[in-house]
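A.B. asks: The lines below spell out each chain.
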Amino acid sequence: MSATVRDPQPSLRARRKRLADPAFRWFVTLAGTSVFVILAAMVVRTTTDAWPIFQHEGFFGFLTGDRWVSGSTRGTGDFTGTYGAWPFIYGTLVTALIAIVIALPLALCVAIYINQLAPKRLRNPLSYTVEMLAAVPSIVFGMWGLFWLVPNVLLPVFGWLESVLGWFFLFEGPVFGRGYLAAGIVLAIMILPIITAIVREVIAVHPADQQHAAYALGATRFEVIRKVVLPSSFSGIVGATMLGLGRAIGETIAVMMLIGSTKSWEGSLLRMGDSMAAHIAATFKDSSPEAVKGLMAIGVALFLFTMIINVAARLLVWRIGRVAGDAAV
Amino acid sequence: MSTTVTDNTPNGVPEGSSEGGTPTKGKGPRLTPTGHRSLLEKQGNANSRATVNSIAMGVLTGAMVLAVIPLVLILYKVGVEGLSTINLNFFTMDEPTYRTTEAGYRAGFVGTLYIMAGAIVMAIPLGLATAIYLVEYGRGRLAGLIRFFTDVMTGIPSIFVGLFVYGMLIASGAIFRVGFSAFAASVAIAVIMLPIVTRSAEEILKLVPDEWRNASYALGAGKARTIMTTVLPAAAPGLATGSMLAVARGVGETAPLILTALGSQYLVTTYFSNAQGAVPLQIHSGATQPFAAGIERAWGGALCLFLFVLILVIAARWIGARANKRA
Amino acid sequence: MITTTEAPMGADTDTRTDAAGTDERSPETVAAQAMGLEPTDEADTGETPGTEAEERAAGDPEPEMDAVFEIEDLSVHYGTTLAVRDISMRIPRKRVTAFIGPSGCGKSTLLRCLNRTNDLLDATVGGRLLYNGEDIYDPRVEAAEVRRRIGMVFQKPNPFPKSIYDNVAFGPRLNGFSGNLDELVEESLTRVALWNEVKDKLDDSGLALSGGQQQRLCIARAIAVSPDVLLMDEPCSALDPIATQRIEDLIDRLKTDYTIVIVTHNMQQAARVSDMTAFFSVRMDGGKGPRVGELVEYDRTTKIFSNPSRQATEDYISGRFG
Numbered sequence: 000m001s002a003t004v005r006d007p008q009p010s011l012r013a014r015r016k017r018l019a020d021p022a023f024r025w026f027v028t029l030a031g032t033s034v035f036v037i038l039a040a041m042v043v044r045t046t047t048d049a050w051p052i053f054q055h056e057g058f059f060g061f062l063t064g065d066r067w068v069s070g071s072t073r074g075t076g077d078f079t080g081t082y083g084a085w086p087f088i089y090g091t092l093v094t095a096l097i098a099i100v101i102a103l104p105l106a107l108c109v110a111i112y113i114n115q116l117a118p119k120r121l122r123n124p125l126s127y128t129v130e131m132l133a134a135v136p137s138i139v140f141g142m143w144g145l146f147w148l149v150p151n152v153l154l155p156v157f158g159w160l161e162s163v164l165g166w167f168f169l170f171e172g173p174v175f176g177r178g179y180l181a182a183g184i185v186l187a188i189m190i191l192p193i194i195t196a197i198v199r200e201v202i203a204v205h206p207a208d209q210q211h212a213a214y215a216l217g218a219t220r221f222e223v224i225r226k227v228v229l230p231s232s233f234s235g236i237v238g239a240t241m242l243g244l245g246r247a248i249g250e251t252i253a254v255m256m257l258i259g260s261t262k263s264w265e266g267s268l269l270r271m272g273d274s275m276a277a278h279i280a281a282t283f284k285d286s287s288p289e290a291v292k293g294l295m296a297i298g299v300a301l302f303l304f305t306m307i308i309n310v311a312a313r314l315l316v317w318r319i320g321r322v323a324g325d326a327a328v
Numbered sequence: 000m001s002t003t004v005t006d007n008t009p010n011g012v013p014e015g016s017s018e019g020g021t022p023t024k025g026k027g028p029r030l031t032p033t034g035h036r037s038l039l040e041k042q043g044n045a046n047s048r049a050t051v052n053s054i055a056m057g058v059l060t061g062a063m064v065l066a067v068i069p070l071v072l073i074l075y076k077v078g079v080e081g082l083s084t085i086n087l088n089f090f091t092m093d094e095p096t097y098r099t100t101e102a103g104y105r106a107g108f109v110g111t112l113y114i115m116a117g118a119i120v121m122a123i124p125l126g127l128a129t130a131i132y133l134v135e136y137g138r139g140r141l142a143g144l145i146r147f148f149t150d151v152m153t154g155i156p157s158i159f160v161g162l163f164v165y166g167m168l169i170a171s172g173a174i175f176r177v178g179f180s181a182f183a184a185s186v187a188i189a190v191i192m193l194p195i196v197t198r199s200a201e202e203i204l205k206l207v208p209d210e211w212r213n214a215s216y217a218l219g220a221g222k223a224r225t226i227m228t229t230v231l232p233a234a235a236p237g238l239a240t241g242s243m244l245a246v247a248r249g250v251g252e253t254a255p256l257i258l259t260a261l262g263s264q265y266l267v268t269t270y271f272s273n274a275q276g277a278v279p280l281q282i283h284s285g286a287t288q289p290f291a292a293g294i295e296r297a298w299g300g301a302l303c304l305f306l307f308v309l310i311l312v313i314a315a316r317w318i319g320a321r322a323n324k325r326a
Numbered sequence: 000m001i002t003t004t005e006a007p008m009g010a011d012t013d014t015r016t017d018a019a020g021t022d023e024r025s026p027e028t029v030a031a032q033a034m035g036l037e038p039t040d041e042a043d044t045g046e047t048p049g050t051e052a053e054e055r056a057a058g059d060p061e062p063e064m065d066a067v068f069e070i071e072d073l074s075v076h077y078g079t080t081l082a083v084r085d086i087s088m089r090i091p092r093k094r095v096t097a098f099i100g101p102s103g104c105g106k107s108t109l110l111r112c113l114n115r116t117n118d119l120l121d122a123t124v125g126g127r128l129l130y131n132g133e134d135i136y137d138p139r140v141e142a143a144e145v146r147r148r149i150g151m152v153f154q155k156p157n158p159f160p161k162s163i164y165d166n167v168a169f170g171p172r173l174n175g176f177s178g179n180l181d182e183l184v185e186e187s188l189t190r191v192a193l194w195n196e197v198k199d200k201l202d203d204s205g206l207a208l209s210g211g212q213q214q215r216l217c218i219a220r221a222i223a224v225s226p227d228v229l230l231m232d233e234p235c236s237a238l239d240p241i242a243t244q245r246i247e248d249l250i251d252r253l254k255t256d257y258t259i260v261i262v263t264h265n266m267q268q269a270a271r272v273s274d275m276t277a278f279f280s281v282r283m284d285g286g287k288g289p290r291v292g293e294l295v296e297y298d299r300t301t302k303i304f305s306n307p308s309r310q311a312t313e314d315y316i317s318g319r320f321g
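Residue numbers (numbering that gives the first Met the number 0), protein chains in the order written: chain W, 0 to 328; chain C, 0 to 326; chain R, 0 to 321.
Next comes chain W alone, as it looks inside the complex (with noise of 0.2 Å):
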């Protein structure tokens, strides 16, 4: 009597236990890719919703096209608008070419000097303040730039960039104070952190053995960082730049904020833009159901672009390893 009811108990536990480990198993595999799932969804989704556009235009002529005029219609039938992305694409590269060719050196210096000049004590609280700087919401940037840096600084400088070299096609006035120039600086501010946090680690990683031999040779701090630091680090110092890139091209709230928001594009980077992120988020509210596929449709080659530059950009980090600091910024 006392065995039958005892019986079942532990064979129940037992199986229990048996089912347990597969069970498990089966589902963080699920979870684990579950990335794809998501991937896989938004590609066909977006790519469907722009199709009735990239047709309308031709994919080709949708990327060149600079001409943007929003249709009416609910967006089953004939489209009534002209759906040209270039003023777009022509914003997103000037202000993410900006934001480069700013960051790059600033965090290439800032990297170096963490890993190299600063004092030992002071290279984690260095670190920390500049990744500080990525935990700044993009919304705080934004405001932060139309309402203080524009005004007190960028303002004064443009005029007098404009006054010096208003001859050259690149900065010619009017001088608005939003424009590319402007969005593309408060870019570079965002995406220092990140490409100083990777090129950090890929230099901390060079191995201190041959920066000693150098210095053994009589080499200067200098020489020791230019002749063997950084050939070393190249290809990590690329994939951070491109990293950095990315996030620039699919920064949205503070080039919106900041660009000006027009549907021209101009050779002066004084003047007024807007660029294919923030393009989709100004202008989203207001949009027929047409328009939001033309929306869409931007947000595909956007996807495309990012997706091109973080793959590449992946490669070559990959080379070196993980690195763990970009995940957080």
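By construction, these hints were calculated from the structure, which means they are not laboratory data.
Wrong hints could be hidden among the right ones.
[Stated by the list, open to error] Restraint ranges, calculated between C-beta atoms of paired labels, are given here:
| no. | chain 1 | residue 1 | chain 2 | residue 2 | range |
| --- | --- | --- | --- | --- | --- |
| 1 | W | Trp-85 | C | Gly-143 | 29 to 39 Å |
| 2 | R | Pro-101 | W | Arg-120 | 47 to 57 Å |
| 3 | C | Gly-61 | W | Arg-24 | 51 to 61 Å |
| 4 | C | Leu-206 | W | Arg-24 | 52 to 62 Å |
| 5 | W | Val-36 | R | Gly-78 | 45 to 55 Å |
As the structure is a computational prediction, the values presented were derived from the model and not from experiment.
C-beta: ideal position from N, C-alpha, C; glycine also.
Got chain W sorted already, so can you dock chains C and R onto it with the hints?
C.D. replies: Same frame as chain W, but now just chains C and R:
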């Protein structure tokens, strides 16, 4: 070759170096008491190298200073502007119009709470499970691909995630249709947080020594039980750090919310069915309208958001550092 | 004075003299110049050995020798930790001096002080360290200048991830070498007996060589800038016996032109290659206090290994301790 070479001249002959060992007095190099060329007597290009070096060091130091300035300026500006607007009303009132000074961000705070709670519930378990798969089970190509695409996913623009969620849940309703809502926003933020949680959790789980796992197996525990009762508790502080950083990143996101939560100036208490407000959305609309009172409140919102993120990040670092020290 | 006797060696040295334009002097002219130019300094150093002769007996087996380094009461801290203390010794020119002793005795620390590579490890150095009668820690002296004169070979072979040629040419290029770089590279590689092995693959990576070849490449890299002194920090510890043998042969040939200071944990090696040997040991105060390195005995190698004057040295050499 009859005499020994007393060769302390690196290549590059010093200017005015002695010929045949007899320098002319006053013109030759400075000598040490033992008659060798002094260390102060630099040869060849040494002086220009030293100059280049000190210029470079100056540039590096200057760059470091320059890089810290924006953070200080932002902290200062947001602090000064924000502190002057934050009062009790700021947390207890809605913002029906931008003109009025008697208003607050209650709707945004509640909305952000809704959105983040949903995002945390979705992203952290999924991210942790993925990390567990990668560290405890993942071998070969599948794990490699998951790692790679997780890394790539961190670089997807957040506005694109917003578009995707809009297309998936709001416009088409492929699975089920919800309309603009806190739920849709939660999904978008969760997608943004997911790779961050996964990556940091993976790094942390890898640090748990294998001996601990083996000790648990030796006691007869299965793999699932070992992970749940030994590995995860051991890694808890690190996992908390990673999750907190992911939350810090998610809470400040604005762009995807425009496409999913849409925004609301009044308190909304539903999760699935109504357009929802959020602090970043409210800051954005406040900062881009012309009335001074609304702009001031936007600074208040920016300060709250910034402080929250800052506290999260610092706390995360602190927990992480303490766990590292103990390990 | 040691003169070069081997024909190939002599040829080498000849070319090098041409290329580098050395300031060779006989001791007489040297003394004369010193008198003429800086008589006060000369008087200073002339006095020192006499006044402290008794104290420094252990560190001064040959008071009359021509010393490259004169070390006086040297102590080194890493942060707040004292690593070595009260080292006083004189290291002779164009001889091989070996530092031996148990691990942690500070022999490598002292070696790294000699060309200020310890600066890189945030060490603070107390006492005086004279190189050719001049304090290398004088604030006016640049560390880079010291290291240009005093080369170093490390424990683990550490060639740059560059071609063999570029490894050797690295230092001369930095120094703005204006002569024939190809010749200099060939000559440096020949001196370390590596030329025949690598002459057809100078563009290959230095890292593609075997460990022993890498170490000889590192020595070639160090002598390509024509230093005065070569410091070697356990240069054979990562090598097999045959590679070790080749490095030892090399040291024997190089000492005709360079002052060599070698740290080794291998006593047979010290006995084989060195002229002078310094034995260091660790002192622990009260058995468990901080471990501090000290110089126990310094003398001719033949004396150290046949008839050491300290019991501790004898114990160590005969394998009773350490």
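A.B. asks: With reference to the structure, classify each hint as holding or not holding.
C.D. replies: Against the structure, the hints:
1. Trp-85(W) x Gly-143(C): 29 to 39 Å: holds, 38 Å
2. Pro-101(R) x Arg-120(W): 47 to 57 Å: Since the Cβ atoms of Pro-101(R) and Arg-120(W) sit about 32 Å apart, the hinted range of 47 to 57 Å is violated.
3. Gly-61(C) x Arg-24(W): 51 to 61 Å: Once the Cβ atoms are compared, 55 Å apart, the range 51 to 61 Å for Arg-24(W) and Gly-61(C) holds.
4. Leu-206(C) x Arg-24(W): 52 to 62 Å: This hint is violated: roughly 22 Å between Cβ atoms.
5. Val-36(W) x Gly-78(R): 45 to 55 Å: Distance hint for Val-36(W), Gly-78(R) holds at roughly 53 Å.
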